[in-house]
Amino acid sequence: MSAQSPQLHPVEATATTEQISEDARRAAEEARVGWERFEQLIAEDKRVEPRDWMPNNYRKTLVRQVSQHAHSEIIGMQPEGNWITRAPSLKRKAVLMAKVQDEAGHGLYLYSAAETLGTPRDELYEQLYTGKAKYSSIFNYPARTWADIGAIGWLVDGAAITNQVPLCRASYGPYGRAMVRICKEESFHQRQGWEILYTLSHGTQAQKQMAQDAVDRFYGPALQMFGPPDDESPNSKQSMAWNIKRFSNDDLRQRFVDMIVPQAEALGLTLPDPELKWNDERGHYDYGDLDWDEFFSVVKGNGPLNHQRLAHYRAARDEGAWVREAAAAYAAKQQQAAHDAALLTA
Amino acid sequence: MTETAQQTEQIPAGGVIAADPAERSLWPLWEVFVRSSRGLSHVHAGSLHAPDASMALRNARDLYTRRNEGTSIWVVPAAEIAASDPDSKGGYFESAQGKAYRHATYYTQSEGVPHL
Ligand SMILES: [Fe+2]
Ligand SMILES: [Fe+2]
Numbered sequence: 001m002s003a004q005s006p007q008l009h010p011v012e013a014t015a016t017t018e019q020i021s022e023d024a025r026r027a028a029e030e031a032r033v034g035w036e037r038f039e040q041l042i043a044e045d046k047r048v049e050p051r052d053w054m055p056n057n058y059r060k061t062l063v064r065q066v067s068q069h070a071h072s073e074i075i076g077m078q079p080e081g082n083w084i085t086r087a088p089s090l091k092r093k094a095v096l097m098a099k100v101q102d103e104a105g106h107g108l109y110l111y112s113a114a115e116t117l118g119t120p121r122d123e124l125y126e127q128l129y130t131g132k133a134k135y136s137s138i139f140n141y142p143a144r145t146w147a148d149i150g151a152i153g154w155l156v157d158g159a160a161i162t163n164q165v166p167l168c169r170a171s172y173g174p175y176g177r178a179m180v181r182i183c184k185e186e187s188f189h190q191r192q193g194w195e196i197l198y199t200l201s202h203g204t205q206a207q208k209q210m211a212q213d214a215v216d217r218f219y220g221p222a223l224q225m226f227g228p229p230d231d232e233s234p235n236s237k238q239s240m241a242w243n244i245k246r247f248s249n250d251d252l253r254q255r256f257v258d259m260i261v262p263q264a265e266a267l268g269l270t271l272p273d274p275e276l277k278w279n280d281e282r283g284h285y286d287y288g289d290l291d292w293d294e295f296f297s298v299v300k301g302n303g304p305l306n307h308q309r310l311a312h313y314r315a316a317r318d319e320g321a322w323v324r325e326a327a328a329a330y331a332a333k334q335q336q337a338a339h340d341a342a343l344l345t346a
Numbered sequence: 001m002t003e004t005a006q007q008t009e010q011i012p013a014g015g016v017i018a019a020d021p022a023e024r025s026l027w028p029l030w031e032v033f034v035r036s037s038r039g040l041s042h043v044h045a046g047s048l049h050a051p052d053a054s055m056a057l058r059n060a061r062d063l064y065t066r067r068n069e070g071t072s073i074w075v076v077p078a079a080e081i082a083a084s085d086p087d088s089k090g091g092y093f094e095s096a097q098g099k100a101y102r103h104a105t106y107y108t109q110s111e112g113v114p115h116l
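Protein chains in written order, with the working numbering: chain A, 1 to 346; chain B, 1 to 116.
No wet-lab data here; the hints were simulated from the structure.
Hints may contain errors.
To be verified - Pulled a few chain B residues facing chain A out of the computed Cβ check, cut under 10 Å:
#, residue
1, Glu-23
2, Asn-59
3, Arg-66
4, Arg-67
5, Asn-68
6, Gly-70
Unchecked claim - A short list of chain A residues far from chain B (calculated; beta carbon distances all over 10 Å):
#, residue
7, Tyr-58
8, Gln-101
9, Ser-112
10, Val-299
11, Gln-334
We put the CB at the ideal spot given by N, CA and C, even for glycine.
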């Protein structure tokens, strides 16, 4: 291809210019074909895969969303991990360990998916470490009592599931596949949480009160996990046009409210919202305004535990660094030994 | 030329991944394949980072078979996998198209004839 240019253009300078414009034309043509194919995949509701051409903004949006999601799973281990040693029975302890281990797995599935978009794993870890990346604000609230572990499983994992089920059909293949795996594992998380609350609400008066307090604390923040109201969520529209997001924040929030009302009744507990009421006309429960000032304040870093969560993550990473380095050094040494042995026998 | 320039303006900036991100991490990337039960093939489950094959296997067990999902695991260095070029846009697989006669449904004369 380039070998032909000098023949056609004996004057070297002309050939170079010609070559540059030829390269530009080819790049433009590749972009056009790539873009058309991408548009077609989205229009036909098919999946985009890692090596496909994609718009930079689509890639950027996904790296941000998928890695934030991964960071949330990782930081999300802290409030519950904190209760493993204090779980009230061996059974509850085993269950909680299994759940926390699942969350670690969810983080890893999602990091794998994010990595296929071109950002190396270590860079993603770095973004969380330096505080550059965000994670779900809900994990900046403390788990004060054992009942909070119940409320987290029921409400926080419940909200996460509501959000995640439609993401199984996200247009980016690796993200959707990670979500399928995650959703399969999540349903036990919500049920075990609900069961903790059920046991407490059928125990002593003090235990029932503990369960009620936990629900009172987690109800609002759990509803806010779906993000700001639709009219304050400018990026949602593009995400929906790209088939990443399938339902708006408010639609998902409504779906969640409709689900938890009867679940709360079955617990014998109340949801802390005086305006919560069935609306026959809409066929949904109406619910009161949420405290968005608090939400944005927590997002900005002023939640009860933002500082502590990140400090704990950093300490764990720092303290584990020598293990990662030693394992890499050992692997390199083993590889060298195998290489040397092969040379000797050759 | 002008036409190309106009078209280019409508196309958002974008592209394909140029460098392999996995090569820029401390531990290499491994692809994990799990056999869910005897008699079935190993199927791709996902990927993970690990310093060497034996750690990759252990991590794969903890990450992808926490609920009896597997009876056997393969781990393969991601860098060792050769893949067909997605840019060939179907051309690579074209020879299979338009050959309906490779499928039993192509042959209709035998309809209604038992066991055929
Ligand atoms: Fe999770
Ligand atoms: Fe969970």
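Outcome of the hint check:
1. The beta carbon of Glu-23(B) comes within 8 Å of a beta carbon in chain A, closer than 10 Å, and the hint placing it at the interface holds.
2. About 9 Å separates the beta-carbon of Asn-59(B) from the nearest beta-carbon of chain A, less than 10 Å, and the hint is met.
3. Evaluation of the Arg-66(B) hint against chain A yields a held restraint, the C-beta minimum of about 7 Å falling below 10 Å.
4. Interface hint at Arg-67(B): satisfied, since its Cβ lies 8 Å from the closest Cβ of chain A, which is below the 10 Å cut-off.
5. Given the 10 Å rule on beta carbons, the hint for Asn-68(B) is violated: about 13 Å separates it from the nearest Cβ of chain A.
6. Using the Cβ-Cβ criterion of 10 Å, the hint placing Gly-70(B) at the interface with chain A is not satisfied: the shortest such distance is roughly 13 Å.
7. With a minimum CB-CB distance of about 7 Å to chain B, Tyr-58(A) fails to clear the 10 Å threshold, and the non-interface call is violated.
8. Residue placement check: Gln-101(A) does not keep its beta carbon more than 10 Å from all beta carbons of chain B (closest about 7 Å).
9. Here Ser-112(A) does not stay apart from chain B, with its beta-carbon only about 5 Å from theirs, under the 10 Å limit.
10. With 10 Å as the threshold on Cβ separation, the claim that Val-299(A) sits away from chain B holds: the shortest Cβ distance comes to roughly 28 Å.
11. For Gln-334(A), the shortest C-beta to C-beta distance to chain B comes to about 6 Å, within the 10 Å cut-off, and the non-interface label is violated.
The structure shown violates the earlier hints numbered 5, 6, 7, 8, 9, 11.
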